[in-house]
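> Below are the chains, spelled out letter by letter.
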Amino acid sequence: MGKRNYNVFFNTHTVSGIVISVALYVIFFAGAFALFNEEITQWEKGTYLNEVSKKEVDYDAILVSLNKEYHLVGRDIVFRLGQKGEETNISLLPSKDSLSPKEAKENEYFELNTNTHKKKEYDEFYSLAEFIYRLHFFSQLPYVGIYLAGFVSLFFLFAIVTGVIVHWKKIVSNFYTFNPRSILKRMWTDAHTALGIIGLPFQFMYAITGAYFGLSILVLLPANFLYNSDRDQLIEDLRPELKVYDWAAKTQDKIPSVNDFVVANANRWDATTVQRLTITNYGGTNMKYQLLVSQPETEHFFGEGWVTVDAFTKEVVAIKEPKEEIYIENIQRSIGKLHFGSYGGVALRVVYFILALITCFVIITGVLIWLEARNRKSIPLKKRLYTNKVGHIYMAICLSLYPVTALSFLFVKLLPQSYNSKKQTLIYYLFFLSWLLASVLLRFLRSNYKINKITLISGAILGFLVPVANGIVTGNWIWKTYADAQYDILTVDLLWILLSCIAVLFAIKVKPSIQEKSSLAKTPIDYKNIAAQLMEEESKALPKINTKNLNNIPMRTKISLLWIFIAIGFIFHHIYGLATVFFNESVLIEGSTGETPFWAHQWRILMEGLALTFGLLTLEVSKKWFKTITFVWAIILGLFNLYHVVTAIIYEVFNVSEILVLILLVIANAFLIKSIRQWRKLAV
Amino acid sequence: MPANSKYLSTSAWHKTAKIFSGIIGGYMISAMLHMALALWVPFQKNMLITAVYTLFVMWCVLLIVPFLFKNGWKVLVVYIMAILFLAVAIHYGNLYQPLN
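Line by line, the protein sequences give chains C and E. 176 is the number of the first residue of the first sequence in our numbering; add one for each residue after it. -16 is the number of the first residue of the second sequence in our numbering; add one for each residue after it.
Simulated from the structure, these hints should not be mistaken for laboratory data. Just so you know, these numbers come straight off a predicted model, no measurement behind them. All C-beta atoms, glycine included, are put in the ideal place defined by N, C-alpha and C. Among these hints, one or two may not hold up.
What the hints assert, rightly or not - Listed next, the in silico DSS-like pairs over lysine-lysine satisfying Cα-Cα at most 27 Å (straight line):
id	chain 1	residue 1	chain 2	residue 2
1	E	Lys28	C	Lys418
2	C	Lys344	E	Lys53
3	E	Lys(-2)	C	Lys178
4	C	Lys344	E	Lys(-11)
To be verified - Just some of the chain E residues that point at chain C, by a computed CB distance under 8 Å:
id	residue
5	Ala(-14)
6	Met18
7	Asn29
To be verified - Computed beta-carbon distance windows for the label pairs:
id	chain 1	residue 1	chain 2	residue 2	range
8	E	Asn83	C	Glu226	30 to 36 Å
9	E	Leu67	C	Lys512	15 to 21 Å
10	E	Gln80	C	Tyr662	52 to 58 Å
11	E	Leu67	C	Asn434	56 to 62 Å
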């Protein structure tokens, strides 16, 4: 490889790596815990698992009681039976019968105890396990979170491939040169490449499967095109078990027993577990029952079988045996198996967990190399300040995730039962606020050594408290859960003890003297006299020649114009929204009284109101605080505008004039941020 | 050891052209190649579903390729030509051997 290509790839590896580093760290860290989703759910509930065979559940009784509440006629009913214990998740799809009442046209999703018939809505069974699982793909960011995670995954793939290209020649030799006593940069580089190579197959697999889960819409798009947007046919070909059966008519006959169907088909093949029971077109003349079962991997690696039976004639409509190898189905199943590590029991998931944490370490060392390499005397102080600031923020956000997660585990254990229905909100507040607070506080320590030490020790202390809190609150001490064979609860407690032990070990091993091996020790930054040093540096630089440029617009005029442009953009956005009246759309928003509601005022003031205000004030005010306020607001507005474009493209891609205005707004906003930034600097 | 900047392209336009071709063009070529192959090979649906893995691998390769070029516009032209060629292949594929 030529010198040019080496440097180019090196640069792309650095840039892509640094850009995605924090997001990728969060994905891997949350993902490591999400591997134990089911165990954490069980741990959180704290009740002992009551193992029941899904083959003997009284489904008929459940359907009778659900019918009273939800009007099942015309709906599809899905029982997800994959999890252990008595709880099962049930989805009710909207009724296809046009005569059904309005309530029956809604989607329903809840958890039901198949024994006691006690039902829990989503916010009642929301758990920390669910929160962490969703954090893994940024689901807390509405609409765009999962796509963001998908793109991070794609660029992770890019970073992996460019990384391998760059390190190709040194892969073998670097394995033997690893020396923890050498200077820090050498050590980070060696650890980064050695662990990066060890974890390569694992990371490569995750980059691809992760990209698929986040961006599966981009895989479907070409397929959809070839099928001429015939969705039903597409599903029937690629996911035959989800074939759609249209609603015909309501039946007057008695609904045949589902229990009999399950009993008759559950043991059709050897050693199967029931995964899913689907009832299509409930109460219709063409009602279908479908049972989906799986075999253990030892029996058959992709062993999934299913059978669809006509409820009335008892005729088998479609069937797939577990031993049948169908490429189209297996390849899709392989992605899920690889990604969730669901093919080798707990032991495999522990290996996955360790590899995921190693990947976190690879990400962190990548950022640290980047920092170490940029702490040289020859680099201007201003630039060094910036890289160090970015480094401290990155480290603070990433490393504080560990104590914050431990704190959340403690929190859900100590939270009184009566708050269960508000759990989602409370977890959001606790997790994000403590994370924000910890990140801000740690960032201002301005020392990665201290950030590391504090997060390791606080995380270890909180982590050791997790099994203790569990024991005190629920009585599930580890020796008791071990004796009673409640391995799910035990796994989570042991995981925290293991993690805390490792954290303590590292915290002790990392001595303050290690800081002397950082490049920062040779060329320290004196944060107390920053202003004076910066002045000195600036005066050393050659005075800029001030040529008169006739093309120049004065800075404040420019900023003011940009603010007003943005305000006008918002106004156009509203007009386009209103203009649908001409095209015969009903404009009245439900519940309108003729008065403008408060939320509308709020948005008007926040959007065009503030933009106009700042546009006006910029003409007269040039104080420092004003510049800071406008700068911060311009950035927030910019993010909002960007988000607006993305959602508009996703949800109304054909509204081109609207999208154009929104894109112009983003561009104007970018110019605005740039100009205000320059304006702020002018004063110094 | 940050990369030696004398080898890196300095023009923002060239950089933008490369990144744009890599992300948008790369996806289009990768997706369209899978479509064209799905139409022209005998095992159509198997080919189509293989995209769950290969679409992203190929996209990643096409993200890297532009950086081998010095001139970003050249990449853009090459990618556009590839897209046009694939569009023709898909068009005739749809005419003569549609998905069945």
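> Are the hints correct? Go through all of them and say.
Status of each hint after checking the structure:
1. E/Lys28 with C/Lys418: This hinted pair holds, its Cα atoms lying about 16 Å apart.
2. C/Lys344 with E/Lys53: Holds - the C-alpha atoms of E/Lys53 and C/Lys344 are around 24 Å apart, at most 27 Å.
3. E/Lys(-2) with C/Lys178: Judged against 27 Å, a Cα distance of about 19 Å means the pair holds.
4. C/Lys344 with E/Lys(-11): Holds: C/Lys344 and E/Lys(-11) sit about 22 Å apart, inside 27 Å.
5. Ala(-14): E/Ala(-14) check passes; min Cβ-Cβ to chain C is 4 Å, inside 8 Å.
6. Met18: Check passed: Cβ of E/Met18 comes within 5 Å of chain C, closer than 8 Å.
7. Asn29: holds, 5 Å
8. E/Asn83 with C/Glu226: 30 to 36 Å: violated, 47 Å
9. E/Leu67 with C/Lys512: 15 to 21 Å: violated, 39 Å
10. E/Gln80 with C/Tyr662: 52 to 58 Å: holds, 54 Å
11. E/Leu67 with C/Asn434: 56 to 62 Å: For E/Leu67 and C/Asn434 the Cβ distance comes to about 60 Å; the hint holds.
Of the numbered hints listed earlier, those contradicted by the structure are 8, 9.
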